[in-house]
Amino acid sequence: MNILLVGSNHKTAPLEVRERLAPKEEETPHPLITVKNLPFIREVFFLSTCNRIEVLSVVEEAETAEREIKDWLRNRGGFSLHQAERYLYTYTGEEAIRHLFRVAASLDSLIVGEPQILGQVKDAYRQATEMGTTGTILNRALHSSFRTAKRVRTETGLANHAVSVSYAAVELAKKVFGKLEKKSALLVGAGEMAELAARHLIKNGLSRLILTNRTLSRAQELAVVFGARAIPFQELTSVLTEVDIVISSTGASNYVITTNMITDALRRRRNRLILIIDIAVPRDADPEIGKMDNVYLFDIDDLQDIADENMNMRQVEAQKAELIVEEETVRFMSWLKSLETVPTIIDLREKVEHIMAQEMERAGAWLRSLSETDRKEVAILMQSVIKKILHDPITVLKEGHTEGGEIDFVAALRRFFKLDEKPIPPPRERKDDALS
Amino acid sequence: MNTIVFFYLAVVVYLMATVLYTVSLVRRRVHPAKHASWTMATAFLFHSLLMFFMWQGRGFTLFATAYDVFLFFAWSLTGFYLLFQLRTKTRVLGISIAPVSLILLLLSSPGVGEPVSIPKILESGLVHVHVLFAIMGEALFLLATLAGIAYLIQDRVLKGKRQRGLFRYLPPLKDLDRINEWALIWGLVFLTVGIIAGMFYARVTWTGSWHLDAKIIWSWVAWVAFAVLVHQRLAIGWTGRRPAIFTCGFFIFLAITFILENFLFTSQHRFF
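Respectively, the protein sequence lines represent chains A and B. So for the first sequence, this note's numbering puts the first residue at 25; every next one is plus one. So for the second sequence, this note's numbering puts the first residue at 41; every next one is plus one.
For the record, the hints were derived by calculation from the structure and aren't laboratory data. The reader is advised that the hints may include incorrect statements.
[As the list claims (entries may be wrong)] Straight-line C-alpha distance at most 27 angstroms; calculated DSSO-like pairs for lysine-lysine:
(1) A/LYS422 - A/LYS442
(2) B/LYS199 - A/LYS203
(3) A/LYS203 - B/LYS255
(4) A/LYS198 - B/LYS201
(5) B/LYS199 - A/LYS206
(6) A/LYS174 - B/LYS129
(7) A/LYS206 - B/LYS74
(8) A/LYS198 - B/LYS129
[What the hints assert, rightly or not] Sample of chain B residues facing chain A (criterion: CB under 7 angstroms; computed from the structure):
(9) GLY200
(10) LYS201
(11) PRO212
(12) LYS214
(13) VAL270
(14) GLN272
(15) LEU274
(16) GLY280
(17) ARG281
(18) GLU301
Model, not experiment: these values are computed from the prediction. The beta carbon of each residue, even a glycine, is placed where N, CA and C say it ideally should be.
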């Protein structure tokens, strides 16, 4: 019995390979079932995101199973044995578990600390349980991975800080306005980064977006995509009165947003705060604007500084996260080890002997009133009752070992007799949030 | 007896809240500040019980000594802060509220649990209205000032383009500005009610030129300061930095004159 993980991610394989490996919609039978039916495979979990494919399994003959899974992946992805060396990675035992935990905690992600991955792991797990392809070991492994991810999120600041320039805009908007509901933004010009920033703002609750561009048709096209309103470029000045956030990225060589425009707008908007994010190079907004009260101006370098600094913080936090992963891996492995037959039999015997000793102790006064021979008789009697009771379960456990079902038996037995209550301490859990 | 117990409980819990807020700021985590908010609410509960038992012990004459004033001032400050906190999630602002309440509570400690002789004049209903509302008004002024200071710091942080350091988790500008505005408006309302109640009472009971009493003049100055700020905000459209600066300026001025006035002038307002 071993744990085996075969996978492929953005670091090892190009996109088109990963695309071919991913499960198709309405694929029957589902990859989970296909893999489950390969020889020597007892439990399977299958994770597929745009950046990775992971096949995690509990197998009997590690080498054969690894070959089977790799062949299946190779056929699917249509690549040679030679390429498989490069595209696929394999982890077994403790390393497989560590990898799973790192993935769930977003330490292996393209953008370290991005939060979506945990949801994707959870969905994949739900699917696997629905299809009944996971068992004792993977259930525990997945639950441990969720706990690891949660601990990483709450005990480290890994996910707290914006690391992209476009997301830094959201962080700034939140510092100025708090909640973005009921706030509106104006996108001047169209650039990839500005669009991305707008998308982030909308995802964070922005209620209204207005677009403008020198060529109105371009703005109108984008407006359809965003469900926004497009206005002609000449109306820029008047719309500055109503919006809270301005993101500018035109290719203009002169200032598109001037001090006069803002002075005027501020008077008409009764000094309501305005945040201007100037992503354009050369700059769209006159830097003098930044010195005015109630106006907060950030250019591309400022945003880059924020993103860089957050990136540094993330690296520090990632080290803390690795420690948590290590801790959880060790914990899981020690649980896994306890699932072996012999230690379980020993634990069970010890527990029962302990109960007997306790009960003898409690009956002390009465026992002392008996004669020496009687006391021995009582002890022998109890010993033989215990032996008889334990005989069958232990026999089945040993037989299970040869039939390959020992894990489930052992796990069940450990639960029935609460043999794990001492060795695994309850997890420390804390909550933490982003801003406010 | 109850009074002393709740006094110590309130002091300890305010201290805990102060520590939690500080931890939140220093370690740059929001998590401790969330606990701090609940701690603060608990402190407020103990504080309320403390005042209830104290007043019950002397037949609900609310203000007999200067210590009572400190106690009620701190209570109002905490209470209003917690109210605002329900509307805006400005937890970290608590770092400035908790220690102030704690200090005021400690200042009031000589008066807690001591028997007092109550001057007849302070038993009137109008006097109660006068003192209650005036103190709540002043507490709101202090709250507006603390929010103003936080606003100015956050403004500097953003304008300086530096996100690092202690002030990373200061509340958003908009929320601080809103707290300043609400506190000014309601502070003016409370203070107005307080002053009018006081004047009615004085007209009936006092004789002589009480209009020129130092404390009364000071109250009018405070009222005018409030009124000017509220006017500038509502009618002229001041927002953000300017009202924050002026609130702080007025408050410091009033605090200094209040202390001077207490030392330099005699006043018909002195009963304690």
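### Ascending list of hint numbers which this structure does not respect
3, 9, 13, 14, 15 and 18
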